[in-house]
Every structure is written in C-alpha cells, then in structure tokens.
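There are 2 protein chains.
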Amino acid sequence: MRNNNRQWILKKRPVGKISNDDLELIETNIPEPGEGQALIQNIYLSIDPTNRIWMSDIDQYMPPVDIGHVMRGGCTAKVIKSNTPELLEGQYISSFTCGWQDFAIVTPSETSPLPEERKLPLTAYMSAAGFTGYTAYFGLLNITNPKPGETVVVSTAAGAVGSVVGQIAKIKGCRVIGITGSDKKCEWIKSLGFDETINYKTQNVLKELSKKCPEGIDIYFDNTGGEILDAVLTLINQNARISVCGLISMYNEDKPVPGPYMYRNILMKRARVEGFIVSDFMSEWENAAAQLAIWIDEGKIQYKVDVQQGLENALSTVNMLFTGENEGKLILQVSDE
Amino acid sequence: MRNNNRQWILKKRPVGKISNDDLELIETNIPEPGEGQALIQNIYLSIDPTNRIWMSDIDQYMPPVDIGHVMRGGCTAKVIKSNTPELLEGQYISSFTCGWQDFAIVTPSETSPLPEERKLPLTAYMSAAGFTGYTAYFGLLNITNPKPGETVVVSTAAGAVGSVVGQIAKIKGCRVIGITGSDKKCEWIKSLGFDETINYKTQNVLKELSKKCPEGIDIYFDNTGGEILDAVLTLINQNARISVCGLISMYNEDKPVPGPYMYRNILMKRARVEGFIVSDFMSEWENAAAQLAIWIDEGKIQYKVDVQQGLENALSTVNMLFTGENEGKLILQVSDE
Numbered sequence: 097m098r099n100n101n102r103q104w105i106l107k108k109r110p111v112g113k114i115s116n117d118d119l120e121l122i123e124t125n126i127p128e129p130g131e132g133q134a135l136i137q138n139i140y141l142s143i144d145p146t147n148r149i150w151m152s153d154i155d156q157y158m159p160p161v162d163i164g165h166v167m168r169g170g171c172t173a174k175v176i177k178s179n180t181p182e183l184l185e186g187q188y189i190s191s192f193t194c195g196w197q198d199f200a201i202v203t204p205s206e207t208s209p210l211p212e213e214r215k216l217p218l219t220a221y222m223s224a225a226g227f228t229g230y231t232a233y234f235g236l237l238n239i240t241n242p243k244p245g246e247t248v249v250v251s252t253a254a255g256a257v258g259s260v261v262g263q264i265a266k267i268k269g270c271r272v273i274g275i276t277g278s279d280k281k282c283e284w285i286k287s288l289g290f291d292e293t294i295n296y297k298t299q300n301v302l303k304e305l306s307k308k309c310p311e312g313i314d315i316y317f318d319n320t321g322g323e324i325l326d327a328v329l330t331l332i333n334q335n336a337r338i339s340v341c342g343l344i345s346m347y348n349e350d351k352p353v354p355g356p357y358m359y360r361n362i363l364m365k366r367a368r369v370e371g372f373i374v375s376d377f378m379s380e381w382e383n384a385a386a387q388l389a390i391w392i393d394e395g396k397i398q399y400k401v402d403v404q405q406g407l408e409n410a411l412s413t414v415n416m417l418f419t420g421e422n423e424g425k426l427i428l429q430v431s432d433e
Numbered sequence: 097m098r099n100n101n102r103q104w105i106l107k108k109r110p111v112g113k114i115s116n117d118d119l120e121l122i123e124t125n126i127p128e129p130g131e132g133q134a135l136i137q138n139i140y141l142s143i144d145p146t147n148r149i150w151m152s153d154i155d156q157y158m159p160p161v162d163i164g165h166v167m168r169g170g171c172t173a174k175v176i177k178s179n180t181p182e183l184l185e186g187q188y189i190s191s192f193t194c195g196w197q198d199f200a201i202v203t204p205s206e207t208s209p210l211p212e213e214r215k216l217p218l219t220a221y222m223s224a225a226g227f228t229g230y231t232a233y234f235g236l237l238n239i240t241n242p243k244p245g246e247t248v249v250v251s252t253a254a255g256a257v258g259s260v261v262g263q264i265a266k267i268k269g270c271r272v273i274g275i276t277g278s279d280k281k282c283e284w285i286k287s288l289g290f291d292e293t294i295n296y297k298t299q300n301v302l303k304e305l306s307k308k309c310p311e312g313i314d315i316y317f318d319n320t321g322g323e324i325l326d327a328v329l330t331l332i333n334q335n336a337r338i339s340v341c342g343l344i345s346m347y348n349e350d351k352p353v354p355g356p357y358m359y360r361n362i363l364m365k366r367a368r369v370e371g372f373i374v375s376d377f378m379s380e381w382e383n384a385a386a387q388l389a390i391w392i393d394e395g396k397i398q399y400k401v402d403v404q405q406g407l408e409n410a411l412s413t414v415n416m417l418f419t420g421e422n423e424g425k426l427i428l429q430v431s432d433e
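The listed protein sequences derive, respectively, from chains A and B. The first sequence begins at 97 in our numbering and counts up one residue at a time. The second sequence begins at 97 in our numbering and counts up one residue at a time.
What the hints contain is simulated information worked out from the structure, not anything from laboratory work. Some clues are possibly wrong.
Identical chains share a label here; the pair holds if one copy fits it or two copies do between them.
To be verified - Mimicking DSBU-like on lysine-lysine, the simulated pairs with C-alpha atoms at most 30 Å apart in a straight line are: (1) Lys266 <-> Lys286; (2) Lys268 <-> Lys113; (3) Lys177 <-> Lys308; (4) Lys297 <-> Lys174; (5) Lys351 <-> Lys307; (6) Lys297 <-> Lys177; (7) Lys400 <-> Lys177; (8) Lys108 <-> Lys308; (9) Lys396 <-> Lys351; (10) Lys268 <-> Lys303; (11) Lys303 <-> Lys351; (12) Lys280 <-> Lys174; (13) Lys266 <-> Lys174; (14) Lys108 <-> Lys215; (15) Lys303 <-> Lys108; (16) Lys308 <-> Lys215; (17) Lys297 <-> Lys351; (18) Lys113 <-> Lys177.
With the rest of the complex left out, here is chain A (with noise of 0.2 Å):
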C-alpha cells in the first residue's frame, strides 16, 4: 500500500479544454478516520462528462468544486480502516465523494455497498450494471416509454450510456438509430443489435438520418445537443420524445451557446423534452439494477469498459471524452483490486 495519499486539487475553473493548470496534483498525508468514519482506497474511479461540469462554475445539479478542493468523482473503492460497524475491513464500496485521490474518509450514508457475491466483474457495477446502465434504464424508459414500432435515435450511442439505451430500445422492440464517432464505433453496437449507425464525423447527419428514419424519429435519447439535436428536431414525428441525459457538445464552451434552431418543432410537432438526473430516480435504483443483471446475465446487454491506469493520468484521460478516444465506459485504475 502506498504510504502518502495524492490528491488532484482544482486549482481554477477550466475554460474551454481541461489545460494541465487547471488541477494540480500534490502529495499529501494518509488521513486518520474519526469517531463513525472509515478510510477508503479508491480502486476506480469512473470518468465522465459530469466531471467536466463540476469543474465550471454554472448552475447545475450539485455545487461545482470549490477552488482548493480535491476534484469529485465517482469511484470503486476498498474500506481499509474503519471506526463503524456500518463498514467493514474489506468491504467494496462506490461514492461519489471520494474523489480524484488515492484515500478519502467517507461516513456510510455517503456510499453504496457492492453486493457481497459478485457475478459480474468489478467494473460492470461502473458501467451497464451501475450508473451508467441506470441512466440509460430511467433517461429511456421513464422518460420516453418507447412503444414497439417506434423509431429511437441515440447519440454518442458507442459511449457507456448510448449503448445501454440501444440496447434497451431493441428489446422493447423499437428501431434503433445510433450516431458515433467512427466506424470501428458503428461496427461495435451494429453488433449489438442496432439497425443502423451513423458516423457523425464522416456523414453528414440530417441527410443520414432522413435516410435511415424514413418514417421520422419518434424518441430520442440525447447526450450531445449541437448540430446532432438540431438534424434530430428536423426530423422529429407529432409528440415526439427527447430525453436530455448530456450536452457535451456544450461543455467546453466558454461563451453562451445557442440553444438549437430548430427549437420551434418542439411546438410544431407537439415534442415533449425532458431533462434528467439518475438521482431523480433512487427510489427506483434497485429494481433497475435487477432488471440490468439479468438483461446482461442473458446477453442481451453487452457493454464495454474502457480501463486507463494511473491516478497521475486523470486529466488526460476525461479529456478522452471531448475527443471520442475512448470506447465504452471510461474508468481510471488507480490501485489494484
């Protein structure tokens, strides 16, 4: 075990790209946990576009990162001292509060324990079996209420969540269209069910979608807005579904971003849109992750994680997700399991 915790410390709120000033990684001692606390070491932790969020000072769904604080993040981790009977020595938790560090001192009611008899590997409860597949689980399913028939549009449909919603879409027996960024990525979830794929950085999108949809787009399941969610609304049916789970084409941009032109078919054609947070849905968490166990127990989700090592890699590695570098859930390793 390591004897010094490392911490990345947000230094000032990045704009446009994550620059390498922006954070900070120092060096620090391994904290002592008090009186109902324990001593956590993070295994993984889970990059998302979130983390790009947090950073900013905009409003959003929780408080950004203060200045000076270590940066927030999803994580897998091992409880390694504990002074209460609520985590045990051994144990494997996720968090949100343990951030881009090696230790962190969290109380119970801020983590979730991983099941004890584990059939799925550790980072399928980071992905499909996790937060993501949540996401994709409620942000499809109690959002839209896909009818079979219906045509459904996912983008970023290679990422974490996109894929999980096709997937979805398929057994409940909808078309399923999906765009990504490159054709290994179209290769990858046509594999997995979906009817057609667009690469949105060699088509041109509202022409392959007027193509590939050609009785209109009855849901869609939005992680990107821009120029996807402008051909989107151009093709979009009577009482059409969005589901906003993402903006990430608006993430890194550091002066306002218009909102997309073709906003006037929300009352054209009667669209309902509607944002969410997997949080929305707690109450409901359990049932979904049964549902998702036995979904990829029978093969019918399949997914895939997308492991970079190294705690001192972190910034590299969520810039991955602007570029599209990575393929299926992005998780960074940072001790061994």
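Put chain B on the given structure of chain A with help from the hints.
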C-alpha cells in the same frame, strides 16, 4: 347583403413582417353551395399569430396555405343558404375553413355550431369561451399541472390566451407574474389578479423576474420564445414545466433563429418543455367550455376583445399582433351580426 365576394389571396410567402404585396384582395362571385354543403357569411375573423405561420412554408402543424389560395382563418359565421339538414339557415357556427373572405362554402364536418341560447356575446365564443380560452385551459392545466403556491410566469400576459392562463393559475392558487408590452396592459392584468407584472419594453426582464420570483419559477407558459424564454430558463426551479404555446418572437424571422442560450438548464434543472396545440385536446373541449363558462359567469375570468372593422383591413390588423398594439383578443368584423 353584399352582391360579391371579396377574398384575400396569398400571392407570395412573407419575408419578415407581412407586406402589402404578399396578399391581394380580389373580388369574385358569391359561390353556390352544392349538395351537402352550405353557404356561410363571415361575421368575425379570428386574427391570430398562427395566421403568420400558415403564410410561411416552414414545417408546421397544419399544411401551409398554398400560393394563389384564400388565406386561412378561424371565424364566426352565419349560415345563409344550406343544402344539408345539419346546417340550418340563420344558424351561427364557428369554423377554421371559412378563410379571409366575405362568403365561404362549408360542409357540416368543418363547422362547430355555437350554443343556441347564448349567455355571452358572440365575440366571447371567439375568445375566453372559445379557442383561446381552451388553449389557456389545456396548455396550463394539462401540460404543466400547477400546484398551489407554485410560481407561474406567463408571456404575452395581456393577450387573449395569456390573460386567461394567468386567471386560471390564480384560481389554482399559484403566484402569477405576467410579462407584457405596455404599462396600460400591466395595469389591466394587475386588475385581473396577477400578483406581479413586467413591461418587457421598458424593463429588464431577467432583472425583474429575479426580483419578482424570489423562490424561482416553477411553470412558464410561453407564447414568445426568444429573450424572455432565455430569462425564464435562467431562473427555473428543479422540475420546472414549460408549456410551449407560441413562439411569436420567431415567426417573422426570415433566417434560422437560435434556440434559447440557456437550453442547458433543461438538463441542469431536469425541466420538461412541451409543445401543444389546442386541437390535441378536442375530446375534452366540451368539459373545458363548460368550466370556462362557469368561471366567466362567476367573474373569475374576465376577458377583453379588440374588434377591428373591415375585411379590407386584414393585413394591418394581423400585423398589430407583432407590434403588440391590440388589447385583448384581436377580431376583425367583416359583416353585421
């Protein structure tokens, strides 16, 4: 009775504001009804923002008016001659197919009879007890589900729809802020029971909304889009609902208009934005009509009509909607009752 029929013909699609070259007033013979048809004489034309949409060929919820055809419009009319037992001579009807002309041929399915015993003046059935009343009713109650104590913002609040929206929101126990374009209109909606008013022509909407909505905005009934929508999005609460009834700030634009710069708050606040048109609720119109009539009778809903005169003045009348000159529901009287 006139011995000819004047008709406003759409000659070309307006670019920006409707100009005198876009439509032409021609004179023609009074048509003869065929079997199963009736001849009606228009009394009142309903002048609405949607007239401007129908003149353009953007993707919309009804087909645009074809070039060379009579301009479409809602009306109240009297049956003059009938070749169908379903329409009686002397009967008053409302219809969307009568158009901007003195006379029209209609079939029974294109008309709705007005109540035979009318408690309210004829113009009421073109405003608070008619389509604009229904629009307010469904757009507020069915789309946003207001709860007592919530903060509701209404744009074009002195308009035919907005003024009724605000009054229904008050009936439902909400706090209501109305945005309109003159101090006189502000005074009028204040007299209707609106808690606060904002004159968007002389006041900074974002600043005033911040002051007048100290607990944020739960519901926005949007008739305008544009900068007011952006100001509202800046201040929405978690789980806010936005009912998109109209986007009048966009209709006169001849180039693509960006959507709201604060679009991202749909995600950050997990808001729901939903477009609707009144015809989506046709099966519930009767209930709405009965409830609105009760509220009008009880004095809980007041309304204003702005009756302009003369079919020849249709163009200057419709343009009043875009300068905000009208006070209350804009109606053009084209013959005596």
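At most 30 Å between alpha carbons: which applies to lysine 303 and lysine 351, within, between, both or neither?
Cα proximity of lysine 303 and lysine 351: in one copy and across copies (29 Å, 20 Å).
Given identical chains, is lysine 308 near lysine 215, meaning Cα to Cα at most 30 Å, within a copy, between copies, both, or neither?
For lysine 308 and lysine 215, the Cα distance exceeds 30 Å both inside one copy (38 Å) and across copies (55 Å).
How would you label the pair lysine 268, lysine 303 (within, between, both, or neither) given a Cα cut-off of 30 Å?
For lysine 268 and lysine 303, only the intra-copy Cα distance (27 Å) is at most 30 Å; the inter-copy one is 47 Å.
Between copies, within a copy, both or neither: which fits lysine 297 and lysine 174 at Cα up to 30 Å?
neither (40 Å within a copy, 60 Å between copies)
Check lysine 280 against lysine 174 for me: Cα-Cα at most 30 Å, and say if that holds within a copy, between copies, both or neither.
Neither: 35 Å inside a chain and 67 Å across chains, both beyond 30 Å.
Alpha-carbon proximity between lysine 113 and lysine 177, which holds within one copy, between copies, both or neither at 30 Å
neither (37 Å within a copy, 72 Å between copies)
Since the copies are identical, ignore which copy is meant and state whether lysine 303 and lysine 108 lie within 30 Å (CA to CA) inside a copy, between copies, both or neither.
For lysine 303 and lysine 108, the Cα distance is within 30 Å only across copies (28 Å; inside one copy 41 Å).
Checking an output row: lysine 177 and lysine 308, CA cutoff 30 Å. Within, between, both or neither?
neither (55 Å within a copy, 52 Å between copies)
Using 30 Å as the alpha-carbon threshold, which applies to lysine 297 and lysine 177: within, between, both, or neither?
neither (48 Å within a copy, 64 Å between copies)
One pair to classify: lysine 108 and lysine 308, alpha carbons no more than 30 Å apart. Within, between, both, or neither?
Classified as neither: same-chain Cα gap 44 Å, cross-chain 34 Å, threshold 30 Å.
Since the copies are identical, ignore which copy is meant and state whether lysine 266 and lysine 174 lie within 30 Å (CA to CA) inside a copy, between copies, both or neither.
neither (36 Å within a copy, 55 Å between copies)
As a check of your reading, is lysine 266 near lysine 286 (CA-CA no more than 30 Å) within one copy, between copies, both or neither?
within (12 Å within a copy, 53 Å between copies)
In terms of the numbered hints stated before, the structure departs from hints 2, 3, 4, 6, 7, 8, 9, 12, 13, 14, 16, 18, listed from lowest to highest.
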